[in-house]
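Sequence order for the protein chains is A and B. The first sequence lines up with residues 1 to 310 when you count with my numbering. The second sequence lines up with residues 1001 to 1310 when you count with my numbering.
Hints should not be assumed to be uniformly reliable.
To be verified - Simulated restraints on C-beta separations:
{"id": "1", "chain 1": "B", "residue 1": "Ala1231", "chain 2": "A", "residue 2": "Gly9", "range": "52 to 58 Å"}
{"id": "2", "chain 1": "B", "residue 1": "Pro1157", "chain 2": "A", "residue 2": "Arg139", "range": "30 to 36 Å"}
{"id": "3", "chain 1": "B", "residue 1": "Ala1231", "chain 2": "A", "residue 2": "Ser34", "range": "51 to 57 Å"}
{"id": "4", "chain 1": "A", "residue 1": "Val288", "chain 2": "B", "residue 2": "Pro1080", "range": "56 to 62 Å"}
{"id": "5", "chain 1": "A", "residue 1": "Arg265", "chain 2": "B", "residue 2": "Gln1102", "range": "51 to 57 Å"}
{"id": "6", "chain 1": "A", "residue 1": "Val288", "chain 2": "B", "residue 2": "Ala1231", "range": "30 to 36 Å"}
{"id": "7", "chain 1": "A", "residue 1": "Glu40", "chain 2": "B", "residue 2": "Arg1139", "range": "34 to 40 Å"}
{"id": "8", "chain 1": "A", "residue 1": "Gly9", "chain 2": "B", "residue 2": "Ala1220", "range": "40 to 46 Å"}
{"id": "9", "chain 1": "B", "residue 1": "Ser1051", "chain 2": "A", "residue 2": "Gly152", "range": "41 to 47 Å"}
{"id": "10", "chain 1": "B", "residue 1": "Asp1286", "chain 2": "A", "residue 2": "Glu40", "range": "55 to 61 Å"}
{"id": "11", "chain 1": "A", "residue 1": "Glu125", "chain 2": "B", "residue 2": "Arg1265", "range": "40 to 46 Å"}
{"id": "12", "chain 1": "A", "residue 1": "Ala231", "chain 2": "B", "residue 2": "Lys1055", "range": "34 to 40 Å"}
{"id": "13", "chain 1": "B", "residue 1": "Tyr1006", "chain 2": "A", "residue 2": "Arg265", "range": "56 to 62 Å"}
{"id": "14", "chain 1": "A", "residue 1": "Gly152", "chain 2": "B", "residue 2": "Gly1219", "range": "34 to 40 Å"}
Unchecked claim - Result set (DSS-like, lysine-lysine): computed pairs, CA atoms no more than 30 Å apart in a straight line:
{"id": "15", "chain 1": "B", "residue 1": "Lys1072", "chain 2": "A", "residue 2": "Lys147"}
{"id": "16", "chain 1": "A", "residue 1": "Lys147", "chain 2": "B", "residue 2": "Lys1073"}
{"id": "17", "chain 1": "B", "residue 1": "Lys1054", "chain 2": "A", "residue 2": "Lys72"}
{"id": "18", "chain 1": "B", "residue 1": "Lys1054", "chain 2": "B", "residue 2": "Lys1239"}
{"id": "19", "chain 1": "B", "residue 1": "Lys1126", "chain 2": "B", "residue 2": "Lys1073"}
{"id": "20", "chain 1": "B", "residue 1": "Lys1147", "chain 2": "A", "residue 2": "Lys73"}
What the hints assert, rightly or not - Calculated from the model, a selection of chain A residues having no Cβ within reach of chain B, i.e. all distances over 12 Å:
{"id": "21", "residue": "Tyr6"}
{"id": "22", "residue": "Arg20"}
{"id": "23", "residue": "His37"}
{"id": "24", "residue": "Gly41"}
{"id": "25", "residue": "Ile79"}
{"id": "26", "residue": "Leu103"}
{"id": "27", "residue": "Arg123"}
{"id": "28", "residue": "Ser124"}
{"id": "29", "residue": "Asp145"}
{"id": "30", "residue": "Gly152"}
{"id": "31", "residue": "Pro157"}
{"id": "32", "residue": "Asp194"}
{"id": "33", "residue": "Arg244"}
{"id": "34", "residue": "Arg246"}
{"id": "35", "residue": "Phe293"}
{"id": "36", "residue": "Arg297"}
Treat the hints as calculated values from the structure; they're not laboratory data. A virtual CB, placed ideally from N, CA and C, is assigned to each residue, including glycine.
2 protein chains.
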Amino acid sequence: MTKPKYLTGDNAAINEFIDRFDVFLLDCDGVIWSGDHVFEGVPETLEYLRSRGKKVVFVTNNSTKSREEYLKKFTGLGIPSDVEEIFGSAYSSAIYISRILQLPAPKNKVFVIGEAGIEHELRSEKVPFIGGTDPAFRRDITPEDWKGIADGSLLDPDVGVVLAGLDFHINYLKLSHALQYLRRGAVFLATNTDSTFPANHSFFPGAGSIGTPLAYMTGAQPLALGKPSQAMMDAVEGKFRLDRARTCMVGDRLNTDIKFGVEGRLGGTLAVLTGVARQADWEADDAVAVPAFYVDRLSDLGAAAAAVAP
Amino acid sequence: MTKPKYLTGDNAAINEFIDRFDVFLLDCDGVIWSGDHVFEGVPETLEYLRSRGKKVVFVTNNSTKSREEYLKKFTGLGIPSDVEEIFGSAYSSAIYISRILQLPAPKNKVFVIGEAGIEHELRSEKVPFIGGTDPAFRRDITPEDWKGIADGSLLDPDVGVVLAGLDFHINYLKLSHALQYLRRGAVFLATNTDSTFPANHSFFPGAGSIGTPLAYMTGAQPLALGKPSQAMMDAVEGKFRLDRARTCMVGDRLNTDIKFGVEGRLGGTLAVLTGVARQADWEADDAVAVPAFYVDRLSDLGAAAAAVAP
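Excised from the complex, chain A in its bound form (with noise of 0.2 Å):
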């Protein structure tokens, strides 16, 4: 295993890693923020990279929230950025089913686990969906119920896909119909599979959390969409042409990030501190990716700013 390269304070190693690349894949909270924090220098560090013409695209597996909404937290937050830079695990999902997938009509509807992000995706690849948000869902099962998912008088027989992803909102009801569908033949498939999500400090139950008992009662993983799944890498690739031996992954977990960026046989992986990855962890015997460069900080590569300017 090759040691990661350390370049925070080297400027001469610092420009040579940012030749090195035109894309910059950037994973969000750990490395750009902390839930509404913004790490210091992470805006100017941005606008660096794009001043000597590299490409950032934000790689989120956060499927709560489309682009849209996205674009709207990094404009509070005073990040200079733009829509088609933002790359979620509701939109990777989107336009897996709308462009890869492409379940014929009319059995390609969508049943969805999942918040207002997945559908707002959904909708702009113009794919049919049902559950999500819809109140309907959202309410305990009845004796009627019952009777209505188990003969299938309940159920919608246009439901090609059951779509898993974080739902503040999950419930017994929302289970049974996704697992009579899967039992139906549906194509499982999960935002992605992060065990938990991290907010106020603290962890609660994550998008592959919510997909769990479904996996356990059909006896069949989904296909995920977000980090690591190559599924996302093939369709980030897709959608901007990026040639992967000069494209970077940047992010703060092993486990998704950096396997992601290994896996996806980039021209490399830079790892932050910032975040939830320690040096040890790389350096441990079972370590599950190990990055080929990492940083304190994302903003210690813009510290070579002063360096190169004329």
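Go by the hints and put chain B onto chain A.
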């Protein structure tokens, strides 16, 4: 692997079989009844076994009903029985917590994911609990919850156990609370690990599926108090002071009932073909468990009644 002995129609073999045991542990769904339909001849067969001095105990994984509620179901279906003959996974969980786990007060409170059956049994064993059917937990998560769950201000410091059972009102709020208690060291128990719950001639999410998000998030498996967990066998043995060599487990599922009896080193196991298992299942090379005996239906044991009548 010994071939199971087929008893149906062989009165001499049935008599010999019955003579070998003092206690019959019986699964309910698929053995006694299917849903609300009692299989023909079963009440008479149970009476016949009792008339020969046998003790019958109904051992069920359904945690949504207390023993009292089960007794009502038996009575309503015309099956004479006594509350002391009923042993469900909710009761099994309660006596495990009160008599085996015995956490010292005050940190002995249970956070319940489940229905009223679990609460009744915990109360009967004087085990303090929160959660369960409390309306305070049957609602959406709020911004105050995110904050208070993360910083602990909304958590009960006395919770030392998380008990996950079948909960028709599972939601994000309960899963978030349970996750935090487990992260703070609570013991992780499950009434049972059945992935599905049979109802209306179909399948719905089972107790095991309700608990999988917690297992996925924490990386820890719960100790299960239902079949085939031997923690339940220990509880049954402790209560009825039975001689395992003279006890037979009767059931329709190899992976719960028959496995429960085989791993508990009971004197015998009897499979019935009125539920899930078919002969091909135990004849398969990868059979999860093989019964010692089998009959087409439980009432085939009663057919010996006439033959032995004086």
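Hints numbered earlier in the text: which of these fail when held up against the supplied structure?
Violated hints: 3, 11, 12, 17, 29, 30, 32; rest satisfied.
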